[in-house]
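Kindly generate the complete structure, drawing on both the sequences and the hints.
2 protein chains.
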Amino acid sequence: MKAERLIYLPLGGAGEVGMNAYVYGYGPKGKERLILVDLGVTFPDMDGTPGVDLILPDITWLEERRDRLEAIFITHAHEDHVSALSHLWQRLKAPIYARDFTARIATKKMIEAGQSADPVRTVAPMPEVIEAGPFSVQFVPVSHSLPEASALLIDTPAGRVVHTGDFKLDTAPGVGAPFDEALFASLGADGVKALVCDSTNVFSLHPGRSESSLPDAIADLVRAAPGMVVATTFASNVARLRTLAFAARDAGRSVCLLGRAMHNMVRTATEAKLLQDFPATITPEEAADLPRASVMLIVTGSQGERRAASAQLARGTYMGLTLKEGDTFLFSSMTIPGNEREVLRVVNALSEKGVDVVDNSAGLYHVSGHANRPDLERMHALLKPQILVPMHGEHRHLRRHAKLAAENGIASAVAPNGTMLDLTGDAPVIVDQVQNGRLYLDGSAVYGAMDGVVRERMRMALNGLVLVTLIIDEDGAPMGDAWADAQGLARQGRSRRALNEVIEEELAEELDRANRKLLDNDDKLIEVLKRRVRACCVDEIGKKPEVTVVISRLSDN
Amino acid sequence: MKAERLIYLPLGGAGEVGMNAYVYGYGPKGKERLILVDLGVTFPDMDGTPGVDLILPDITWLEERRDRLEAIFITHAHEDHVSALSHLWQRLKAPIYARDFTARIATKKMIEAGQSADPVRTVAPMPEVIEAGPFSVQFVPVSHSLPEASALLIDTPAGRVVHTGDFKLDTAPGVGAPFDEALFASLGADGVKALVCDSTNVFSLHPGRSESSLPDAIADLVRAAPGMVVATTFASNVARLRTLAFAARDAGRSVCLLGRAMHNMVRTATEAKLLQDFPATITPEEAADLPRASVMLIVTGSQGERRAASAQLARGTYMGLTLKEGDTFLFSSMTIPGNEREVLRVVNALSEKGVDVVDNSAGLYHVSGHANRPDLERMHALLKPQILVPMHGEHRHLRRHAKLAAENGIASAVAPNGTMLDLTGDAPVIVDQVQNGRLYLDGSAVYGAMDGVVRERMRMALNGLVLVTLIIDEDGAPMGDAWADAQGLARQGRSRRALNEVIEEELAEELDRANRKLLDNDDKLIEVLKRRVRACCVDEIGKKPEVTVVISRLSDN
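Protein sequences, first through last, are from chains A and E. All the letters of the first sequence, read from the start, carry residue numbers 1 to 557 under this note's numbering. All the letters of the second sequence, read from the start, carry residue numbers 1 to 557 under this note's numbering.
If you're looking for bench data, these hints aren't it; they were derived computationally from the structure. Worth double-checking, as some hints may not be accurate.
Which copy is meant is left open, because identical chains are indistinguishable; a pair holds if it fits in one copy or across any two.
[As the list claims (entries may be wrong)] Simulated pairs of lysine-lysine, PhoX-like, Cα-Cα distance not exceeding 25 Å:
hint : residue 1 : residue 2
1    : K273      : K108
2    : K403      : K193
3    : K524      : K543
4    : K403      : K31
5    : K324      : K403
6    : K524      : K384
7    : K543      : K108
Here the structure is a predicted model, which means the values were calculated and not measured.
What follows is the structure, encoded as structure tokens:
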């Protein structure tokens, strides 16, 4: 008889901040019944993924075992937890469970992508229990930076797992339920086999601050501002939107929302009855007609995204609104590492307009949604797990979090994406490494990160491209000269003549001395011409371009 | 009679941190005699300048007036102040003045680029005076993060200008002269017309810390480390290299330098007699043979540069050395905004190897080389200038620095690159906007940022490329089918067939119905085929690629 086991397998989110996708399984080895927690995206950048629209986890392993997949649970509505559903659900086809606000967002995303939203099932927080094969799952409210974030209480025959999702310890989060220490202590009292825990802020040494520490400072800033006030934050941070809007109202300003995500989130939160006291908003046209000191804009684009409202306002007029000297722009946000250039581009463009930019450098206008190191230790202490598995973090976060657990006498393991852990025993054991990686959504196509498509793009971007076409006539002789076209290369180089022309001359020379054997062999001829183009470019412009040679043989036609 | 005037014109460095190039002029309008202060580079990135090697200031304005250029002064040896000399000096051909260490670096760079180093003239700090037309210039030692940084004392018939270069107020900088408050006070006592001042750290509110605050903490860290210690910092920070090497020596470790820049800087500093007490170093082979606890590596790559020693050690074995569990890696540096992704890539790769990474997040292991806001105010107070011109900063820094001056009753103006200021009167007056911008060094070619080369690269990277070739025979009819090759595009899309084939089929269809008039008109035919390829790609993969169509007419040959 084969022993049954409890396994954990991250396919995304462990070794990165983004595209969360965690598999749990219970059953005999190779026959475990499975559940998936979260299915999110990560965002591309020009640096490594030019032209890509979204990055999704490679769920091939799970797809191949979808007959064993009982359910998908979504902890909360952030993009890195929910947004791959609409692109990958067809490959999994399991029911999706989420709380009301999250389910509304998931439903919208499914419908926008032309999918049926039928698989999305709205569930209440604990004590409602979802039975999924050997798993009994409950949603436990936690505080985070958007409404209705949840930890998952996953009871299995091998014991209880608490999967925190993203969380912080906030007893006054503004919107939604405060963090309930007593509840978590009671979950711990029943015995926790494994705590699978958010690691994002493990390097932040001070206890996290509450959302409720912000309203006074924000209200003071808005009240003192002479001109128009613009504030940006993540649209999903509904508590923050409320704080910003209240600060506007208290300073006698009307609120105008800019940006699609901002409208969507406020609408969804209102429909979910989470924002019933939100002030009435005005249109951009109405805002433009009011005195500047009577307006506050709440806008998308806290990360400097080029097409978001912030960047557009920084560059010029957006929706009829133009910023100017005496206006104040508040980043009620933090810059995600890697987005600094984009954010600073917006800040400097605002500076050129004479707009005063205020950010969170003094710690007054933003708080993180993740538990800091002391808060993580508090969570460990409340739940007293036998095993701690760090998740939701880069490798350095996971490693530090595992070390923290070890320091406190809790068995732990660093398990990056693709690492299967057996949690059945007293300590986690690595039992497998499975296929994992990234898929790129690019337009409407989805392909693998290692398929070479993006590598081709990067090469063209780094090296430029020379295109050569040549016709070989029925007698096997070149018909006229080869024709060359350079793209993304200096127009002229050392000889001060057009690069294309220099290349064509050298190719003519090369063809002149080509013998019959070479001319008859496409592969060899292409190789010789490529080499000549590269040598010519090195000589002229000190650079080896990508080269594509197309040979057309009239005899072939 | 035309009045003479004193002008200031930044061609680089004002509105950015990088490629410093500041012009001063004195004389009748349009006939001013000119000097140039600094000629530096800035660094490209995949985001905006893929494939570019270096970014240089566009000095066209100065080149067109080089008959009026008396001299070039280099304040210090950082890349953003000296490294464009070897690429642009031929366009200017004026003598280059610098202090010994800087002149040595400039000389090496000129020779490496195949230029004569004859124009480089080594000068002593004040009281040596360089007469350059109407300008009398002296090098005034300041503290910074490399040896022999200098402010320039520029006396003109219109009064005295102090151009700070990069500086901090450090009375114990480790290597080189301490900041001399009394000297600056005496310069101020003689009356300063204009202070042209470093703005980099205007947003740092606490007084700057001394280089001498670091050795104890670094020594403690190195002493306590169990395995190999690796430390990275800017190679030019000679004082820091000395501190790191002393910490190694005091902990009984031998020092091994890795990275070309590291060797170059230590050699140059030694030749300049600035590092005579530096411990003897060992080779990588010797380091590999010693117990790990007896070795400290000092390596290049504090910004995560892919080809530097840090990144190579993080990825695998470099020069026979491999890091492992129990080793310590110290970033004795700060991450320049925009380099976060690269640095974190190195940190996470080190984490995967089990290496403990220590950085400056607790403020123990690095100090900035620039004056913080209170230090800037101290400099203002010492020199009591009539006019303050903020330089060396992004627009937000310049604006904040100008505001700081205004708060202290000093006339000021924000003058980004290309803005000519007349400093003759009591307050600065903007008198011209001149051509300015960026040049890209790409291989051996130099071209303008706006020439479209990089735009072509970005488009290929973002959109992918389809190449179409078609032969039209002597009778004006298509000879066989058009041939399509897609690069940087999904291999297949909606129809689950090879994208190239689908495109070729659609082109065949298009050519079938093309009439004679269309087939005779290259421009129109190309346009029609491009449109068809784009439509096909939108349909198949949801993306509009770049398209190049090459039509070969047999009749033409």
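Okay, the hints, checked on the actual structure:
1. K273 - K108: within (17 Å within a copy, 69 Å between copies)
2. K403 - K193: Classified as within: same-chain Cα gap 18 Å, cross-chain 59 Å, threshold 25 Å.
3. K524 - K543: within (23 Å within a copy, 34 Å between copies)
4. K403 - K31: Neither: 32 Å inside a copy, 69 Å across copies.
5. K324 - K403: Only across copies: K324 and K403 sit 17 Å apart there, 50 Å inside one copy, limit 25 Å.
6. K524 - K384: neither (68 Å within a copy, 74 Å between copies)
7. K543 - K108: between (49 Å within a copy, 23 Å between copies)
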